[in-house]
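Student: With the hints as a guide, bring the two chains together.
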Amino acid sequence: AQSVTQLDSHVSVSEGTPVLLRCNYSSSYSPSLFWYVQHPNKGLQLLLKYTSAATLVKGINGFEAEFKKSETSFHLTKPSAHMSDAAEYFCALNNAGNMLTFGGGTRLMVKP
Amino acid sequence: DAGVTQSPTHLIKTRGQQVTLRCSPKSGHDTVSWYQQALGQGPQFIFQYYEEEERQRGNFPDRFSGHQFPNYSSELNVNALLLGDSALYLCASSLRDRFNEQFFGPGTRLTVL
Numbered sequence: 001a002q003s004v005t006q007l008d009s010h011v012s013v014s015e016g017t018p019v020l021l022r023c024n025y026s027s028s029y030s031p032s033l034f035w036y037v038q039h040p041n042k043g044l045q046l047l048l049k050y051t052s053a054a055t056l057v058k059g060i061n062g063f064e065a066e067f068k069k070s071e072t073s074f075h076l077t078k079p080s081a082h083m084s085d086a087a088e089y090f091c092a093l094n095n096a097g098n099m100l101t102f103g104g105g106t107r108l109m110v111k112p
Numbered sequence: 113d114a115g116v117t118q119s120p121t122h123l124i125k126t127r128g129q130q131v132t133l134r135c136s137p138k139s140g141h142d143t144v145s146w147y148q149q150a151l152g153q154g155p156q157f158i159f160q161y162y163e164e165e166e167r168q169r170g171n172f173p174d175r176f177s178g179h180q181f182p183n184y185s186s187e188l189n190v191n192a193l194l195l196g197d198s199a200l201y202l203c204a205s206s207l208r209d210r211f212n213e214q215f216f217g218p219g220t221r222l223t224v225l
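These protein sequences, in sequence, are chains A and B. The working numbering puts the first residue of the first sequence at 1, with every later residue one more than the last. The working numbering puts the first residue of the second sequence at 113, with every later residue one more than the last.
Pulled out of the complex, with its shape left as it was, chain B reads as follows (with noise of 0.2 Å):
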């Protein structure tokens, strides 16, 4: 059973790009969630996704937007990158009952320059 799985590991952009992460969360599971991790930080939340539509989020401002696909896996878009979005993304995944059993991904390592 394939755990939570990110795309790309790393990936390196300039300063007004846009970027498109992904996540397949772990079989069976139907719900996602995007955290941002700033090198020597927690990780924050951005979003969650369930049932494709966006049912919370965090204090990010609206370049960053979401998506999930009817299989339950989901992309992050962040329009207009700038240098403070430099971190690494991470992907979580649960059941929409069971949120204490959150497993997460690898994470993206994204560098903007």
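This is chain A alone, in the form it adopts within the complex (with noise of 0.2 Å):
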């Protein structure tokens, strides 16, 4: 069975300072893990997905997420956050059953 845990329901950052959102899986495969963000009464946005290529994946806004398999992590981060990413975050994986597993995301807060 797979899992998705995102380790913090709530995050508040100051405007200009890093974000770290944590997501923990535990899946019996080498997963593909993705990124998504979901702003106030939208859909869900693809930031970023790892699919056993580098590690350091690198994705839209200036997001990027490290695969670590010994952690089992894929946490995300951003060097400097605006009030525009202030959205729900989810982190979810795919272990070849082409079904996505989501986490419980993580809601953004961003101060002026």
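These are computed hints drawn from the structure, not numbers from a lab. In this text, a Cβ means the ideal position worked out from N, Cα and C, and glycines have one as well. Accuracy of the hints is not assured; some may be wrong.
Have a look at the derived ranges for each label pair, beta carbon to beta carbon [as the list claims (entries may be wrong)]:
| id | chain 1 | residue 1 | chain 2 | residue 2 | range |
| --- | --- | --- | --- | --- | --- |
| 1 | B | 209 | A | 72 | 34 to 44 Å |
| 2 | A | 45 | B | 172 | 16 to 26 Å |
| 3 | A | 61 | B | 129 | 33 to 43 Å |
| 4 | B | 210 | A | 72 | 18 to 28 Å |
| 5 | A | 61 | B | 140 | 20 to 30 Å |
| 6 | B | 208 | A | 45 | 35 to 45 Å |
| 7 | B | 114 | A | 62 | 47 to 57 Å |
| 8 | B | 181 | A | 56 | 37 to 47 Å |
| 9 | A | 111 | B | 166 | 40 to 50 Å |
| 10 | A | 61 | B | 167 | 26 to 36 Å |
So these bits of chain A aren't anywhere near chain B, every CB distance computed over 12 Å [as the list claims (entries may be wrong)]:
| id | residue |
| --- | --- |
| 11 | 27 |
| 12 | 54 |
| 13 | 84 |
Tutor: Structure follows, in structure tokens:
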């Protein structure tokens, strides 16, 4: 069985400071991992994905994530937060079953 | 190029009623997946359709059923609605052999009273 745990339900940062959203996973196979962002009343937008290539993955809007197999982690980072980054973020995995398993989400708040 | 579209945007039903939600995949995509996102939670996989057949199913009761049409569009049907079915229903599309490139629609917000 596979699962995704997002370690923080809420994260608050000041504009211009770094962002760290934590994600741990459990999977019987080598998974593909994803980060999605969801703005209020919107669908999910893909930020980045890891599919067994480079372990450091760069995505849109300055976000990146590093796949660490030894730690079963796939944390999302951004060097400098912007007000427009305030949203809900979801980590997800696909272990070749062609269905995504999502974490519970992390709400990112950005203070001016 | 239109992305994934879903209709309606919102709807309100009462317990025991039936509902049909619709999804048009991104142009060129042949696989549609449906997810339920309850308030404050991550999306949960309901089922996936390819070649007009249900290919995979998550842990949802038989009250949840679907259909895929020859043009790859899809419907999600929920019978005997319960209060707990209130959620945002998301549709995602992809190519059958490129599942890791999946696009989501804006969702349908279902409220059951």
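Student: Please go over all the hints and tell whether each is borne out by the structure.
Tutor: Hint by hint, here is what the structure shows:
no. : hint                      : result
1   : B:209 - A:72: 34 to 44 Å  : violated, 27 Å
2   : A:45 - B:172: 16 to 26 Å  : holds, 25 Å
3   : A:61 - B:129: 33 to 43 Å  : holds, 41 Å
4   : B:210 - A:72: 18 to 28 Å  : holds, 25 Å
5   : A:61 - B:140: 20 to 30 Å  : holds, 25 Å
6   : B:208 - A:45: 35 to 45 Å  : violated, 22 Å
7   : B:114 - A:62: 47 to 57 Å  : violated, 28 Å
8   : B:181 - A:56: 37 to 47 Å  : holds, 41 Å
9   : A:111 - B:166: 40 to 50 Å : holds, 46 Å
10  : A:61 - B:167: 26 to 36 Å  : holds, 33 Å
11  : 27                        : holds, 14 Å
12  : 54                        : holds, 15 Å
13  : 84                        : holds, 18 Å
When the structure is compared with the earlier hints, violations turn up for hints 1, 6, 7 and for no others.
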